[in-house]
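Here's the letter readout for the chains.
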Amino acid sequence: MGVVDLFLEIDREKFKMALLNSIVNALLVFLVLQFFLAFFRAPLYITLASVPVVFALSMHRYLKRYNLSYLEKENPDAVEMLKTAKDNIREKNAIVEMFFSELPQRVKNISLDKFLSIKYIALRIVVIFVFMMLIVMVPPSDVTPGLENLFGGLLQNGRPNIENIALKNPDDIFGDPQLIKLGDEQIQINIQSSNNEIDFNKEREISKREFTRNPFPVEAEAVLDTPSNEKEPEDFELIKNYNLKIRGV
Amino acid sequence: MKLLGPSNKDKEIPESGEIKSREIQNMVRKLDDLQSEIGKIIVGQQEIVKQVLVCMMCDGNALLESYPGMGKTLLIKTLADIMDLKFSRIQNTPDLMPTDITGTYIIEESRGAKQFKFQQGPVFANIVLADEINRATPKTQAALLEAMQEKQVTVGNETYKLEKPFFVLATQNPIDMEGTYPLPEAQLDRFLLKILLTYPVFKDEIKIVERYTKLLGAGKLRKVMSRDDMLNLQKLIRMVPISNDTTDYIVNLVTKTRNSDYIEYGASPRASIGLTLASKAYAILNKRNYVSKKDVNDMAYPILRHRIILNFKAEKEGLKPDDVIKKLL
Chain W
1 MGVVDLFLEI DREKFKMALL NSIVNALLVF LVLQFFLAFF RAPLYITLAS
51 VPVVFALSMH RYLKRYNLSY LEKENPDAVE MLKTAKDNIR EKNAIVEMFF
101 SELPQRVKNI SLDKFLSIKY IALRIVVIFV FMMLIVMVPP SDVTPGLENL
151 FGGLLQNGRP NIENIALKNP DDIFGDPQLI KLGDEQIQIN IQSSNNEIDF
201 NKEREISKRE FTRNPFPVEA EAVLDTPSNE KEPEDFELIK NYNLKIRGV
Chain Z
1 MKLLGPSNKD KEIPESGEIK SREIQNMVRK LDDLQSEIGK IIVGQQEIVK
51 QVLVCMMCDG NALLESYPGM GKTLLIKTLA DIMDLKFSRI QNTPDLMPTD
101 ITGTYIIEES RGAKQFKFQQ GPVFANIVLA DEINRATPKT QAALLEAMQE
151 KQVTVGNETY KLEKPFFVLA TQNPIDMEGT YPLPEAQLDR FLLKILLTYP
201 VFKDEIKIVE RYTKLLGAGK LRKVMSRDDM LNLQKLIRMV PISNDTTDYI
251 VNLVTKTRNS DYIEYGASPR ASIGLTLASK AYAILNKRNY VSKKDVNDMA
301 YPILRHRIIL NFKAEKEGLK PDDVIKKLL
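Protein chains in written order, with the numbering used here: chain W, 1 to 249; chain Z, 1 to 329.
Note that these hints are calculated values from the structure, not bench results.
Warning: the hint list may mix true and false statements.
[Claimed, not checked] Here are some of the chain W residues that sit facing chain Z, going by a computed Cβ distance under 10 Å:
id, residue
1, Asp77
2, Leu82
3, Leu103
4, Gln105
5, Glu205
6, Phe236
Beta carbons: idealized from backbone N, C-alpha and C, even for Gly.
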């Protein structure tokens, strides 16, 4: 193999190493972003959009970095061999021929060692694996209640999409969790605030009040504006009876 | 052009280099075997053995400086036995004459007629150990130095070629310099390497004591290399490729010895040639088929230490040649 072919071979190896490093970086960034942005219910395409950007920047960086000066700095042995090959390219004797025949493999072995930092790649693969496990095992809704609909609210014109709400506790005594679809119609609910005013000038004794079975305070009530024409789904009667039964009513 | 075969002594390496890599690998294997065979007799001192081998491979001569009883004679005799080469020893004394080294004419009577016959001196060997060369007179030293440089001996009007390979290992004792004739710098320059033999480390000395107090006589050595193998090695090492960068580095290093603040007189171009050749041989011994800067740095000390003369500033600071060479590197 001539010295020119050897340099082409080194360029190919450089490209492969840059590609490998860039793929690992892009995957790592994707998983980290996906993990953190999932808390804010960001859609997948936001994190996916980062992948080609990170990949391109990474490729550019590595290709620029893995130039001959880097090779010279990190691989003085390889450079010495290449310079010897270049300066003796016209020599024809047994030792030089032996040297040329062994040169590509030797340079490749030394160069790859420096281009491919096994420890660094192994560390990134471990981090990737950790984040993959985190994404699978830690659902975002368990960790950050209250921030669930932040992005959802903005992107869906203020209409909460509660189609995908799952019950927090699958082992609830009310049965298996299931999706409850309340229909497609819009319901306007007016909540009238309590008429109680607190007059600090009027002092009176605290009156004892009996606890009532009604869990909702009577001061707050919801008044339906217009009755809904929607028919109740058939299952609702079943659910209603079941709930009344288990409450002993 | 015939290729070299390991068992056929008549074949030589052709100049065009039609040798196969298999033969080169055989040579390298033989060098390994040689070093391991030497290890059976000489304990430790691997670097010294390598330097002696470098000298032989470069077709040069070595000056070995060490205290008495360090195994110089044993080392060189072991080498001669393993390589199946003729060995001779010259014990230099102030009364030694040049003809005691080169040989002389003697009168021989044969069939009633008397004639002069040249009686070869101890220099007619492949490996010559010249013990305490600084004890011989300058005239006697000159006779040996001519043999070293020219690989020939002149006696009277006749010139006799010395059989190749020819290698002189001259020794010097760093103590007990009274009544000696130190070699002038011009003569020192003819030695390729100056090897410093130091005391062995504790573990090695234990092994030496165990080996030489339990058994009478050295172990049996097998001949792993022939005369032709050494000649072929000498040709092979000149084929080792070296980059222009490394050559510049060598010449730059030798040039620095002429401009250093600590050196009165620097090394000559002979040092550049010697350092290049020695680096090539050292690369082969380290199983590499190209010269690395590390080879040059390792060989710089034995190549340069006897070719530089330190000035007063260096002596005032208590610097030795090796310290100055380290600064230059």
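Earlier hints that do not hold, by number: 4, 5, 6
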